[in-house]
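*Asks:* Once you've looked at the hints, go ahead and assemble the two chains, each given alone in its own frame, into the complex.
Taken in sequence, the protein lines are chains A and B.
Heads up: the first sequence at position 40 corresponds to 40 in this note's numbering, and the numbers run straight through without jumps.
Adding 1000 to a residue's 1-based position in the second sequence gives its number in this note's numbering.
These are calculated hints, taken from the structure and not from any lab test.
A quick note: this is a predicted structure, and the numbers were derived from the prediction, not measured.
We treat Cβ as the ideally placed atom computed from N, Cα and C, and that holds for glycine.
Check each hint, because a few of them may be wrong.
What the hints assert, rightly or not - Derived DSS-like pairs: lysine-lysine, alpha-carbon spacing no greater than 30 Å straight-line:
id, chain 1, residue 1, chain 2, residue 2
1, B, Lys1205, B, Lys1233
2, A, Lys85, B, Lys1104
3, B, Lys1233, B, Lys1223
4, B, Lys1205, B, Lys1223
5, B, Lys1302, A, Lys6
6, A, Lys6, B, Lys1109
7, B, Lys1223, A, Lys57
8, B, Lys1302, A, Lys15
What the hints assert, rightly or not - Some chain A residues near chain B, calculated using beta-carbon distances under 8 Å:
id, residue
9, Thr20
10, Thr34
11, Tyr52
12, Ile64
13, Thr95
14, Leu99
15, Ala111
16, Asp112
17, Ile114
Here are the chains, one letter per residue:
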Amino acid sequence: MAHEHKLEIFRGLLKFKSNTQKIWGVLTFLTLVTIVEVGLGIAKPESLTHSYFLGMKVLNWIFIILTLVKAYYIAWDFMHLRDEKSSLRRAIVWTPIFLVAYLIFILLFEADYIYHVYTDGFVKWNF
Amino acid sequence: MDSTVTTGTEENVWGGGNQPLGASYGKLMMWFFLVSDALTFSGFLAAYGFSRFKFIETWPIADEVFTHVPFFHGNYPMYYVAFMTFILIMSSVTMVLAVDAGHKLQKTKVIWYMFLTIIGGAIFVGSQAWEWATFIKGDFGALETKGGRVLQFVSADSGDRLALRDFAETLHEDRVDHEKKNGIWYYKGDALPSYSLNEVVEGVKSNPNVLIRTELINEDGHKTVLTRDETLKKLKDATLVVEGANLVRNEYGSRLFADFFFFITGFHGFHVFSGVVINCIIFFNVILGTYERRGHYEMVEKVGLYWHFVDLVWVFVFTFFYLV
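Looking at chain B on its own, in the form it has when it is part of the complex (with noise of 0.2 Å):
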C-alpha cells in the first residue's frame, strides 16, 4: 500500500525511483554493455591498424582478396561484401519497425518484424560462413619464401594472376599424405598442398609465361611484378607451397592478414549469431504473449539496441577490412 512507504518522495534525490537519465535499469545496462563492447571492437580494429600502418607498403589488397560471389565464376571484387552490408542494415531496419509497432503494443506486426529479421540475420551469418570457406580454401596459390614472405603469380601476356594448377608441372615424385591410419608412430604432419615446391619450381622454368609478383606495392597501388631473371633468381628463396590460409599462413600476403581477418570478422559475426539467438527468444515470447501482458515492450527494444549495436560494428569492419 502506498500509505506504508515513508522514506523518499518524488521530490527527494536519494528517495528511489528516479530515473535521471530518462531510461529505465535493463536499457541502461544494455547501454553499458554496448559501450563495453565498444571499446573492444575499437581495441582489435585499431590492433589492425597498427600491424598495417607497421606493413603498409606490403599489405594484401582487399579488393584482390575478396573477388568472389556464390554462384558465380569471375572477379567481381566487393559486390559479395556490399550485399551482406545491405542484409545487414535491411534487417536493422525491420529492427526498428518491430520496436516502433512495440511502442503502438500492435503484436503481430511485431511478430512479422521480428521474424524478418532474424531471416536477414540468419542470411548474413551464412554468407559470412561462406566468405569463410572461400578465404579458407584460397584460390591461386603461392610460395612462402624463407623470411615468410608470400610469392604470387601472374602471366607475362595479360597480367591476370596464376593459380598453380595453370603452369605446375605433374612430377611423378613420391608423395604420400601422412595421415593417422597409416602408422602408430604418428603424432602430427603438415597436410601436403596439391602441388609440390619442386612441381611448381619446374613448372616456373619451363614456363617463361609466368612472373612472380611480390608483396611489395608500388606507387600505383598494385603489387609489385618481377621481370622473368628476377623471378628465376627470387624462386631459390621459395621454401614452402601455400594454399589458402589458416592462422600460421596464408596465400595472399601478410601473415597477420588472415589472424585479423578470421579474429575480428569471427567476433563480429559470433555476435550476430547471438543476436539471431537472442532474437529468436524474445520473437517467441512476443509470439506468446509475455509482453503483451507485462503492457509495454521494452525488451524488444533492449534486444534491438543489440542489433543495430552489431550493424554498426559491422559498418565499420566494411570500411577497414574491405574497403580502406
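Chain A on its own, in the form it takes in the complex (with noise of 0.2 Å):
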C-alpha cells in the first residue's frame, strides 16, 4: 500500500496540508465543475448551440472535456492513482483509452454513414 499521499493538485498550483484536507478540495472542485456544467445545460447560450466543431456543437464538446477533467481528479485523488507507480497506473489509464477512442471512432463514423442512408437514401422511414 502507497502510505505516502502526494499532495499537490494542478500541477503543483495547489498544495495541501494532508491528506483529509486534498479530499475536501477535490470535493470542492468537482462540485464547482458539476454546477458550471448543469448551469451551461440549463442556459444553453446561444453562441456554443449555434457553433460547430468536428461537426457537433460546441457546448456538447465542453460538457465532454468537463467530464473528462472530473473523471481525471476521480481516478487520480479518490482512486489514488497519483499515489501508485507509473506503471501501474499507465496500465490501468491507457489500456481503456486506446480501445474505447478506437470504438468511439468506428461507431461514430457508421452511424453518421447509416444518417446519410436514411436521409440520402430511397428508404422511408419517418412516416
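*Replies:* Next up, the structure:
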C-alpha cells in the first residue's frame, strides 16, 4: 500500500497540508465543475449551441471535456492513482483509452454513414 | 521458519514475493475487474452514441424528458439528476475519508465514514428508482404513427406541451381491459391507455388550439411544431396511443432512447446496489474488528476503489444521457 500521499493538485499550483484536506479540496473542485455543467445545460447559451467544431456543438465539447476533467480527478485523487507507481497507472489508464477511442471512432463514423443513408437514400422510415 | 526457505532470495525476480507494481494481489485484481467493467460500460455508451448519431435529427431532448423533482410540480430540467450526481460524489468523498482513516487504523472513524457512504448510496439507488418510476409512468402521452414515430402535442397559444388529458374527448365507447380473470381463453393483451386513439383524434379535431410536435429537431435545437393544417393531415397516420415508456415504445420519441435508458442506468444502478451490499459487508467486518486484528484496512481500500468506479461511471452517464 502506498502510504505516502502526493498532496499537490493542478500540477503543484495547489498544495494541501494533509490528505483529508486534499480530499475536501477535490470535492469542492468537482462540485464547481458539476455546477458549471448544469448551469450551461440549463442556460444553453446561443453562442455555444450554434457554433460547431468537428461536426459537434461547442457546448457538447465543453461538457465532454469537463467530464474528462472530473474523471481525471476522481481516478487520480479518490482512487489514489496519483500515489501508485507510474507503471500501474499507465497500464490502467491507457489500455481502456486506446480501446475506447477506437471503438468510438468506428461506431460514430458508421452511425453517421447510416444517418446519410436514411436521409439521402430511398428508404422511407419517417412516416 | 525462515531458514527452511532455500530457493528464491530477495534479489531473485522469479523467486516470489515480488510486487513490481507496488500493489497487492487483491488490489491488482480489483483493478483488473474495474478496467474490464469500464470497457463494458464504454461499449454501452458507445452503442448509445451510435444509435444517437444514426437518428441525430430525431433523438429526444433530455431536458424535456427529465424535468421532474420529487414533491414539486413544474418544469425543473436536470436539477434532480444534478442532485443525484452530487450525492454520489459526496459518498465517494466519505469513502476516501474512510480509506484514509483506515490507513491510520482509526476504527471508529472508518465505521462512521463507511456508514455515511452506505447512506449516500442508498439515497442514490432510491432516487434512481424514482426516476425510473417517473419515466415509465410518463407525463404527457403521445401518438404513434404507422412508421413507429412519436407525435406529441403542444398548445398553439403558449407553445407548452399538452397532455392527452388536457384535450381528449370522452367518447362513450365500449372499452374493456382484457384481464386474465375475465376468461380462460386469455393469453395476453395490451393494456388499454387512458384514452383511446379515437378520443385523442376527436379531441385534436375539435380543439383548434392543439398542434402536433414531431420528432424532427430544427436548426434552433427545438422539435418541429406543425401548423394546424399539417396537424390534421398528420393525425391520419396515427395508429396507437402511447403513455409512458416500456422496452417496446415510449412517449418521448425514438424507441431506442428508452431501451438505452433502461439498460445503461439500470446496469449502473445494479452496480450501485451491489456496491451498497459490499459496503455493508465490509462495514460489519470493520465493526467486528476483523481488519483491526488483521493489522491493516486494505479491504476498505479495495471496496473503496469499486465505489469510486461507480461514481466515475455515473459522471459519464450523466454527461451522455442528460447533458449532451
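*Asks:* If you test the structure against every hint from before, which numbers come out violated?
*Replies:* 11
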